[in-house]
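Undergrad: Listed below are the residues making up each chain.
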Amino acid sequence: MDFSFSEEQTLLKDSVSRFVHNDYEFAARQKLVKSELGYSRDHWRTFAELGWLGVPFAEKDGGYGGGPLETMLLMEEFGKGLVVEPYVPTVLLAGALLRIAGKSAQKERYLPRIIDGSLQAAFAFAEPQGRFNLADLTTTAKKDGEDWLLEGYKCVVLNGPSADLLVVSARTTGAQRARTGVSLFLVDASAAGVSRRDYPTVDALRASEITFENVRLGKDAVLGRVGRALPVIEQAIDEATLAIGAEAVGCMEVLYKATVEYCKTREQFGQPIGKFQVLQHRMVDMFMEYEQSKSLMYMAAMRMAEGYGDEAKKAVSAFKVQVGKSGRFVGQNAVQLHGGMGMTDELNVGHYFKRLTTVDTLFGNVDHHLRRFGSL
Amino acid sequence: MNLELDAADRDFQAEVRAFIDAHWPDAARAQARDTVAREGRPSVVERAWFDALVARGWSVPHWPAAHGGANWSPTQHYIWARETAHADCPEMSPFGSRMLAPVLYTWGSPAQQAAHLPPIREARITWCQGYSEPGAGSDLASLTTRAVRDGDHYVVNGAKTWTSGAHHADWMFCLVRTDPHARKKQEGISFLLIDMRSPGIEIRPILILGEQHTVNGVTLNDVRVPLANRVGEENRGWTYAKGLLTHERTGIAGVARSQVALRRLRYLALANGLDDDDVFATKLDELEIELLALEMTELRTLATVEGGGAPGPESSILKIKGTEIAQRIDDLVIEALGYYALPYPAPQLIDNEGPIGPMNAVPAIRGMLYGRAASIFGGSNEIQKNIIAKAVLGL
Ligand SMILES: Cc1cc2nc3c(=O)[nH]c(=O)nc-3n(C[C@H](O)[C@H](O)[C@H](O)COP(=O)(O)OP(=O)(O)OC[C@H]3O[C@@H](n4cnc5c(N)ncnc54)[C@H](O)[C@@H]3O)c2cc1C
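Listed in order, the protein sequences are those of chains A and B.
Numbered by this note's numbering, the letters in the first sequence go through residues 1 to 376 in order.
Numbered by this note's numbering, the letters in the second sequence go through residues 1 to 395 in order.
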């Protein structure tokens, strides 16, 4: 057993940490999220220059050759700064699907552009009726000669507004929830028949509702094997789940520390409120929730690094259950202990709370992962 | 012991239902739901409802009959709260009708009562509560906004914060320090009624989570307030305000509101394919049982204050459990919404292009965010527990 990081991993963590610390101050972030684009192209270029956009890709594909541990370290630091640049949708979702299932021509076409920062992407998988079931699809793709015709509706597609490339899950055969018959397609976001409705999310990201009407796709648009995409999707989603969980751990760390600091300085009844034992115990609980989450984060990352199978899936689900519960507890109590200040849009605390709330929803909430844990 | 309503109460219930049907038709309900969150003033349909209440003598039923109250028994109040909540009837702003009015009819001068109670009863004037200050939240008695006598006026200087609705309010009831040298800090505080149009008042919006504008910072620079606008005696304001805080607490249990919210949540769960989800169903049932217990606890509290007195410190239970349950319902709403708990477009976008997804989840998200404040304001839940520990358990 070994809980230490390699020199290279430490360097990566430190460089992300420095960026968040020096260039991602909360006030600047708030300006960004209110801008037209919702994030910074300059930051994205910086990510490319520092090699972060290539972290999960193999060196032969032009990447950094990292894996789940590297992604975890990076995302935990992103979480501390509430980074809004679309790293998860572009690099970790669309990027992972290409990495896992792409033919070499597809990888050659897209990965270099993801890694150099010139391509934005999104994964359109969720549908209104499907909740967290990745196989529950009413979007269909039907053969038309050599081509495919894509038809359907996807909801809450993160980074939809900026994406040049959409990876879309669709049913090619079988019943609405069947595990087989699911396929993936690479769709140019500006293709005829693709229409979007863009909006901000409660945690200040950007997303879209996307309608596909008779979108004609060539045969090279198929990503992976026709009808056999579900395992690929599950793996990409599990990788991304680990990533946003790590982000949440970063959020929790900021929140418990900020709350401790606040309670040391805020005075009521002639003393710092941190002197009240009931608040001390609450902060101890917040701290413990953070530590427990961090432990399962390491477990999930190590299991994923060992290889993708039931052990890894189970560990990711366990981690997501813990993070969902802990994140809510820490987020809600950070607001509570800051009193009125915690409720303000001006202070960062409420924004971490909002992010922790949506992390619980993303890629399946506590109930979903509890059930998955039990079924594996 | 008997839980059944007697014949007279059943008649009353029928009367209330008929009244609601006549004056709060479905069309008004639908319209009100869409507009209520955006406006500080009653909308047209809400105005009509308040007017009907005033005409019937039911706008402020909990007041003493001499001032326009309805002389109801606790059971009747309970029936009223339940029926109006279940029909989504608009509520009068609590600041005038529930928080200030009891102070005025108990301690106000005849002139103050005559000037201020009728417009509150008729929902024609809105009030805000100027208690909290940047340095005085839970420890309210440490407030420093200063009022100094100058002839037949006070000159008021200081800063209030978190003042809900100050940007819509005509008047503010306010705690100020009149004697900075009092032996105990509670003893140097007075209760003033301040016209919000007075020169020297500045209102700064404070956005809360979800970019909602409900609260404000209010600064007072040499604001002149006539001595006649002081309620009761000088330096006795804390006693009046404390009496008023227990009134604030009873309304806060929100049993009927939570019952309605829970019922909506059950529909939402159905609509979101959670109908055969045992885990979720169990959570709803647990919540329902907690709410039943709270309802009975509230009824027991009401029974002990038969005749209209203020409830004792055990009423803190209502506030703690009431807010915990309401927040839990909000959390489950977010769970039920699945991915549609994420979109949060500006209201104009929805007005122009319609809701996102199968239902408009934005008000629910906004409500969840605002709902976090319920365990902070009106005496935080930690402070309520301190009260129970001290005043009930004698610790
Ligand atoms: C949305 C909103 C609307 C509001 N509207 C109004 C209004 O209209 N008018 C008005 O006057 N005020 C209003 N308030 C203010 C509200 O009453 C205060 O926020 C509240 O009294 C808490 O004070 P504080 O924010 O200064 O927190 P603090 O008092 O600083 O408390 C911070 C934390 O410490 C805890 N704490 C404090 N003392 C103790 C103790 N002795 N033991 C254990 N824990 C303790 C608190 O419970 C809280 O968790 C509003 C607040 C909000 C958020």
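Think of the hints as simulated: they come from the structure by calculation, not from any bench.
It is possible that some hints are incorrect.
Claimed, not checked - Derived PhoX-like pairs (lysine-lysine); straight-line CA-CA distance at most 20 Å:
id, chain 1, residue 1, chain 2, residue 2
1, B, Lys390, A, Lys325
2, A, Lys314, A, Lys257
3, A, Lys13, A, Lys294
4, A, Lys275, A, Lys257
5, A, Lys60, A, Lys103
6, B, Lys385, A, Lys275
7, A, Lys31, A, Lys13
8, A, Lys275, B, Lys283
9, A, Lys294, A, Lys314
Stated by the list, open to error - Computed from the model, here is a short list of chain A residues facing chain B with C-beta under 7 Å:
id, residue
10, Arg131
11, Asn133
12, Ala135
13, Asp136
14, Thr140
15, Ser195
16, Tyr199
17, Pro272
18, Met341
19, Leu347
20, Asn348
21, Thr358
As the list claims (entries may be wrong) - A few chain A residues that don't get close to chain B, going by computed Cβ distances all over 10 Å:
id, residue
22, Glu7
23, Glu8
24, Leu37
25, Tyr64
26, Pro112
27, Arg228
28, Phe269
29, Met283
30, Glu346
31, Gly350
32, Lys354
On a predicted model such as this, the values are computed, not experimentally measured, just so you know.
For each residue, glycine too, the CB sits at the ideal point set by N, CA and C.
Undergrad: State for each hint whether it applies.
TA: Outcome of the hint check:
1. Lys390(B) x Lys325(A): Violated, because 32 Å separates the two Cα atoms, which is more than 20 Å.
2. Lys314(A) x Lys257(A): Not OK: Lys314(A) and Lys257(A) at ~30 Å, beyond 20 Å, violated.
3. Lys13(A) x Lys294(A): Distance of about 15 Å is within 20 Å: holds.
4. Lys275(A) x Lys257(A): Distance of about 16 Å is within 20 Å: holds.
5. Lys60(A) x Lys103(A): With a Cα-Cα distance of about 14 Å, the restraint between Lys60(A) and Lys103(A) holds, given a limit of 20 Å.
6. Lys385(B) x Lys275(A): 16 Å, holds
7. Lys31(A) x Lys13(A): Violated, at about 25 Å.
8. Lys275(A) x Lys283(B): Not OK: Lys275(A) and Lys283(B) at ~35 Å, beyond 20 Å, violated.
9. Lys294(A) x Lys314(A): Distance ~16 Å between Lys294(A) and Lys314(A) Cα, so the pair holds.
10. Arg131: This hint holds: Arg131(A) lies near chain B, its Cβ roughly 5 Å from the closest one there, short of 7 Å.
11. Asn133: Cβ of Asn133(A) sits 9 Å from chain B, so the hint is violated.
12. Ala135: 14 Å, violated
13. Asp136: 9 Å, violated
14. Thr140: Because about 20 Å separates Thr140(A) from the closest Cβ in chain B, which is outside the 7 Å limit, the hint is violated.
15. Ser195: 12 Å, violated
16. Tyr199: Since the shortest Cβ distance to chain B is 4 Å, the answer is holds.
17. Pro272: It is violated, given that the least Cβ distance between Pro272(A) and chain B is near 12 Å, above 7 Å.
18. Met341: 9 Å, violated
19. Leu347: Hint violated; Leu347(A) Cβ to chain B Cβ min 10 Å, cut 7 Å.
20. Asn348: 12 Å, violated
21. Thr358: This hint holds: Thr358(A) lies near chain B, its Cβ roughly 6 Å from the closest one there, short of 7 Å.
22. Glu7: 39 Å, holds
23. Glu8: 35 Å, holds
24. Leu37: 16 Å, holds
25. Tyr64: 30 Å, holds
26. Pro112: 31 Å, holds
27. Arg228: Arg228(A) clear of chain B: closest Cβ-Cβ about 25 Å, beyond 10 Å.
28. Phe269: Violated, because the least Cβ-Cβ distance between Phe269(A) and chain B comes to about 5 Å, which does not exceed 10 Å.
29. Met283: 13 Å, holds
30. Glu346: For Glu346(A), whose nearest Cβ neighbour in chain B is about 7 Å away, the distance does not exceed 10 Å, so it is violated.
31. Gly350: 4 Å, violated
32. Lys354: Incorrect as stated: the minimum Cβ-Cβ distance to chain B is 7 Å, not above 10 Å.
Violated hints, in rising order: 1, 2, 7, 8, 11, 12, 13, 14, 15, 17, 18, 19, 20, 28, 30, 31, 32; the structure is consistent with all others.
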